[in-house]
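My request is simple: use the sequences and hints to build the entire structure.
Protein sequence lines, in the order shown, are assigned to chains A and B.
Mind the numbering: the first sequence is residues 0 to 359 in numbering that gives the first Met the number 0, read in order.
Mind the numbering: the second sequence is residues 0 to 359 in numbering that gives the first Met the number 0, read in order.
Mixed in with the good hints there might be a few duds.
Identical copies go unnamed one by one, so any copy, or any two together, can satisfy a pair.
[What the hints assert, rightly or not] In silico DSSO-like cross-links for lysine-lysine, where the CA-CA straight-line distance does not exceed 27 Å:
| no. | residue 1 | residue 2 |
| --- | --- | --- |
| 1 | 31 | 179 |
| 2 | 104 | 226 |
| 3 | 305 | 139 |
| 4 | 31 | 308 |
| 5 | 356 | 305 |
These are calculated hints, taken from the structure and not from any lab test.
2 protein chains.
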Amino acid sequence: MSRVYNFCAGPAALPEAVLKQAQSELLDWHGKGLSVMEMSHRGDEFTSIAATAEQDLRDLLGVPDNYKVLFMQGGASQQFAQIPLNFLAEGATADYIDTGIWSRKSIEEASRFGNINVAASAKEYDYFAIPGQNEWQLSKDAAYVHYASNETIGGLQFDWTPQTGDTPLVVDMSSDILSKPLQVCRYGMIYAGAQKNIGPSGLVVAIVREDLLGRARASCPTMLNYKVAADNGSMYNTPPTFSWYLSGLVFKWLKEQGGLEAMAKINHAKQALLYQTIDASDFYSNPVASNARSWMNVPFRLADAKLDKAFLAGADERGLLNLKGHRSVGGMRASIYNAVSLEAVEALVAYMQEFEKERA
Amino acid sequence: MSRVYNFCAGPAALPEAVLKQAQSELLDWHGKGLSVMEMSHRGDEFTSIAATAEQDLRDLLGVPDNYKVLFMQGGASQQFAQIPLNFLAEGATADYIDTGIWSRKSIEEASRFGNINVAASAKEYDYFAIPGQNEWQLSKDAAYVHYASNETIGGLQFDWTPQTGDTPLVVDMSSDILSKPLQVCRYGMIYAGAQKNIGPSGLVVAIVREDLLGRARASCPTMLNYKVAADNGSMYNTPPTFSWYLSGLVFKWLKEQGGLEAMAKINHAKQALLYQTIDASDFYSNPVASNARSWMNVPFRLADAKLDKAFLAGADERGLLNLKGHRSVGGMRASIYNAVSLEAVEALVAYMQEFEKERA
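Next comes the structure, spelled out in structure tokens:
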């Protein structure tokens with residue numbers, strides 16, 4: 000079979016050019032006679048791969064010098080514990096914003112380690128809109144403010160950056176990092192599981208302002224301590240070398256595409272085409288407020304849910320894969336991360352219009 | 000360049016047949032039109048890959064039904080914290096055996112979470128021999144006894160299994176799991192970082208007796224709780240899917256080789272040839288007591304350390320790579336895990352004899 004159009008929410012599609020390069024050098028990296036997977040992480044070859052990946056990521060995001068870039072394991076879910084263990088002293092309070100399933104998970108885990116104030120919740124809008132900052136009830140002395148910039152299941156995304164003054168802003172960008180330019184200096188910490196816009200699962204990238212390091216609790220496991228990771232160049236122990244390498248190939252690919260300004264243009268075009276198609280029809284619908292619609296994950300429903308099965312079967316036949324919505328919300332969901340091309344979205348839209356004509 | 004003989008201590012050599020299969024299906028797994036890296040971990044394809052890998056591992060090791068097999072992240076170093084967080088109640092004591100750098104690291108980390116009794120240490124033998132169990136000072140009510148079956152840096156390996164009665168025995172088998180048959184039922188828990196005998200780095204496998212689950216401290220991060228991992232089939236969050244898949248290919252390859260009985264025969268032959276070469280010469284030496292010599296990591300010294308550089312340069316020229324000893328001990332080290340063939344060891348031995356003839 001040829002390659003399909005893959006709308007999977009994660010682990011998600013990767014750029015074909017990246018996979019081809021990884022394939023070509025899988026047994027013999029740069030004539031060294033061995034795979035990247037078989038290299039010592041402390042050898043010249045891998046340390047060069049690792050450093051280049053970090054530099055390319057810094058270039059793409061414009062990461063200031065006073066931020067460390069960490070390559071870790073355990074996904075965003077492990078960060079949900081690491082963040083309070085590193086930044087929240089015993090008895091202190093942190094503010095969290097609830098905009099959906101992922102931010103609620105981060106709140107639940109953080110609540111096991113300290114006082115968590117849910118400063119705002121999208122619940123009052125049935126999770127179809129994001130409360131504006133004028134509605135937030137921030138604490139006076141919060142250790143930090145945490146939010147998720149994009150909710151993959153509800154399809155909700157911030158199109159603005161919260162203002163928290165001197166209180167460090169911590170953001171889960173697992174599902175929209177690298178999709179458009181970013182002002183890193185507005186954050187205390189940015190983190191992202193790799194398996195959407197960065198690379199294969201098993202890697203999580205964190206960008207941490209240096210002055211926030213060194214505050215971990217005594218009870219923080221060594222492997223979960225950001226300062227230990229920073230002091231050891233993310234190699235306190237053996238890192239996930241292949242995921243790191245492949246992410247580096249993705250960073251190179253993003254640079255070749257023209258960087259994040261160029262990606263933002265393409266991503267804008269992709270989501271605009273898809274939402275316009277949905278909005279132009281009574282057959283398809285998306286309930287999210289227009290200023291909170293995700294550019295990365297577009298959930299939509301058919302007017303008649305009895306047609307869902309036929310829609311998905313027809314999509315599969317056309318090589319449009321993984322369009323089934325999350326089990327908690329039903330319907331459809333098209334995840335259109337960086338590696339999903341405009342061409343893929345055009346093929347999806349063509350199929351949606353064809354299906355509507357036949358079945359409406 | 001053709002493939003080299005790779006004696007790296009880890010991430011270590013992988014079977015060439017495994018890498019070739021991964022390469023052939025890297026962009027299109029089984030005609031599905033996408034890479035394993037691009038699949039939802041909850042989809043039919045990946046859940047089948049995951050289940051097959053687990054079953055093959057169970058078959059190879061003869062894992063009894065009352066043990067869970069967990070696929071996690073963070074390497075053995077994260078386990079050093081997870082083990083006390085899961086098994087050691089506040090105020091309780093655990094026994095640890097010190098046989099080298101890795102077991103000392105596990106002791107250091109565990110000591111941050113409870114009372115650790117170092118029941119025996121190879122220090123009294125300059126780490127060249129393992130204290131017999133008659134020399135161990137086990138606690139009366141230890142929560143568990145922990146040891147490392149193989150020390151990669153010192154080149155020390157247990158050729159026997161400790162007897163701890165009703166006290167669960169916990170073993171770090173990162174560097175010798177799957178190298179020979181094993182009686183899983185003698186252990187409460189076996190764990191191993193993948194990057195020596197299992198697969199790529201970024202994955203750690205744990206085999207845990209079911210009755211030991213559910214004892215985690217309230218302060219244990221959810222992602223570090225073995226019961227959570229077990230209850231969710233190691234998919235509480237997105238697992239490292241590509242590493243899991245590739246490990247599954249390694250398990251299949253081991254079965255094709257004839258399983259662990261067959262691997263034990265080959266591994267016996269490899270280490271015998273290498274140690275015999277060392278012992279037959281005054282030019283090379285290894286200080287470890289014969290019953291504690293590692294089958295996996297063979298450190299050796301040249302009588303004249305000034306020749307080390309020339310030895311390594313000549314080895315590199317012949318495609319015998321990564322023979323430099325760990326910086327803490329110097330000299331040479333040949334790591335001869337499962338994927339390093341007898342042919343590779345024969346090539347090394349031939350070079351050692353040639354070098355000795357020229358330079359002795």
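- When no copy is specified for residue 31 and residue 179, does a C-alpha distance of 27 Å or less occur within a copy, between copies, both, or neither? For residue 31 and residue 179, neither the intra-copy (36 Å) nor the inter-copy (30 Å) Cα distance is at most 27 Å.
How do residue 104 and residue 226 come out at 27 Å by Cα distance, when the copy is not named: within, between, both, or neither?
both (24 Å within a copy, 18 Å between copies)
Next item on the list: At 27 Å max between alpha carbons, let me know whether residue 305 reaches residue 139 within a copy, between copies, both or neither.
Entry: Neither: 50 Å inside a copy, 65 Å across copies.
Pop the pair residue 31 and residue 308 into one bin, within, between, both or neither, using alpha-carbon distances up to 27 Å.
-> between (50 Å within a copy, 20 Å between copies)
Taking 27 Å as the upper bound on the Cα-Cα distance, should residue 356 and residue 305 be classified as within, between, both, or neither?
Within one copy, since 16 Å is at most 27 Å while 81 Å is not.
Consistency with the previously given hints fails for numbers 1 and 3, ordered from lowest to highest.
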